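Going line by line, the protein sequences match chains A and B.
FYI, my numbering numbers position 81 of the first sequence as 81, with every residue one higher than the one before it.
FYI, my numbering numbers position 23 of the second sequence as 23, with every residue one higher than the one before it.
Please keep in mind that the hints were generated in silico from the structure rather than gathered at the bench.
All of these numbers come straight from a predicted model, not from anything done at the bench.
Hints may contain errors.
[Stated by the list, open to error] Cβ pair distances, simulated, as ranges:
(1) A:L76 - B:E41: 17 to 23 Å
(2) B:N5 - A:P86: 31 to 37 Å
(3) B:A78 - A:Q29: 36 to 42 Å
(4) B:T68 - A:T115: 41 to 47 Å
(5) B:S26 - A:L76: 34 to 40 Å
C-beta: ideal position from N, C-alpha, C; glycine also.
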Amino acid sequence: GAVVSQHPSRVICKSGTSVKIECRSLDFQATTMFWYRQFPKKSLMLMATSNEGSKATYEQGVEKDKFLINHASLTLSTLTVTSAHPEDSSFYICSAHGTSGPTDTQYFGPGTRLTVL
Amino acid sequence: GQQLNQSPQSMFIQEGEDVSMNCTSSSIFNTWLWYKQEPGEGPVLLIALYKAGELTSNGRLTAQFGITRKDSFLNISASIPSDVGIYFCAGRRNNNDMRFGAGTRLTVKP
Numbered sequence: 001g002a003v004v005s006q007h008p009s010r011v012i013c014k015s016g017t018s019v020k021i022e023c024r025s026l027d028f029q030a031t032t033m034f035w036y037r038q039f040p041k042k043s044l045m046l047m048a049t050s051n052e053g054s055k056a057t058y059e060q061g062v063e064k065d066k067f068l069i070n071h072a073s074l075t076l077s078t079l080t081v082t083s084a085h086p087e088d089s090s091f092y093i094c095s096a097h098g099t100s101g102p103t104d105t106q107y108f109g110p111g112t113r114l115t116v117l
Numbered sequence: 001g002q003q004l005n006q007s008p009q010s011m012f013i014q015e016g017e018d019v020s021m022n023c024t025s026s027s028i029f030n031t032w033l034w035y036k037q038e039p040g041e042g043p044v045l046l047i048a049l050y051k052a053g054e055l056t057s058n059g060r061l062t063a064q065f066g067i068t069r070k071d072s073f074l075n076i077s078a079s080i081p082s083d084v085g086i087y088f089c090a091g092r093r094n095n096n097d098m099r100f101g102a103g104t105r106l107t108v109k110p
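The following block holds chain A by itself, in its conformation from the complex (with noise of 0.2 Å):
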C-alpha cells in the first residue's frame, strides 16, 4: 500500500514552453500533497505544499506564477512549470501525506526529471 506515481517519469522540452506533471496517490487518499526539487548530489528543497481544494502554500523564494500547483482531489496534484527556462532542468519529486493510519506519514513519487534546451 501508500504507492504515489508522478507522470512523466523524464521529460525534455524547448525553453519557453509549459510542462506538466502529475502526480497520484495510487491506494489511499492525500489530504495534503508536496512538491519538492532537488539538485544533482543535494537534498530535497521544498517548493510548496498543497492541500485539496485550497490554493498551495509556496515556499520562500519560489514563485508561484511560475510553478503553478492544483490538487483537484484527494488523489491528484498538478505541477506546472511555464514558460521554462533551462534553470528550471531539475529532478522534481512529489510526495502525499495520507489521513490516517499506516499512511500516517509521507510517501514520495518516484520524481520526474525536466530538462529544458
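Start from chain A and add chain B according to the hints.
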C-alpha cells in the same frame, strides 16, 4: 531552510560491515523518518518513529528516536551491495512541516 544536521556526508565501507548515521537538530520534532533514495528515483520510506525513545527495526535496519526529540540515528547491520544509495533523515513537527537532512551517501564495496 534546512535545520537538520546529518552525518556523515558519505561513507565507503566493505560488504558485511555495520553502518551508523545520525541526524541532530536544534529544534524538537514529533516524528523522525528515514528514507533511502537510489539514483533517478524518489525516496523510499525505511522507518518511521513517532515517540521519543522509540527503537524500531526493519530487517537489518534499526533506528531510534532520541529522548530529547532533537536527534535520531539509523544503523544498518551486515551491509550488502544493494544498500548503496543516499539515506535521508527527516524530522516532522506537524503534517505540513517536514525538514530533511542533507543525506548520507553510502558506498558498499563487495
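To see whether the hints hold, each was checked on the structure:
1. A:L76 - B:E41: 17 to 23 Å: 21 Å, holds
2. B:N5 - A:P86: 31 to 37 Å: Since the Cβ atoms of N5 (chain B) and P86 (chain A) sit about 32 Å apart, the hinted range of 31 to 37 Å holds.
3. B:A78 - A:Q29: 36 to 42 Å: 38 Å, holds
4. B:T68 - A:T115: 41 to 47 Å: 43 Å Cβ-Cβ, so the 41 to 47 Å window holds.
5. B:S26 - A:L76: 34 to 40 Å: 37 Å, holds
Taken one by one, the earlier hints all hold for this structure without exception.
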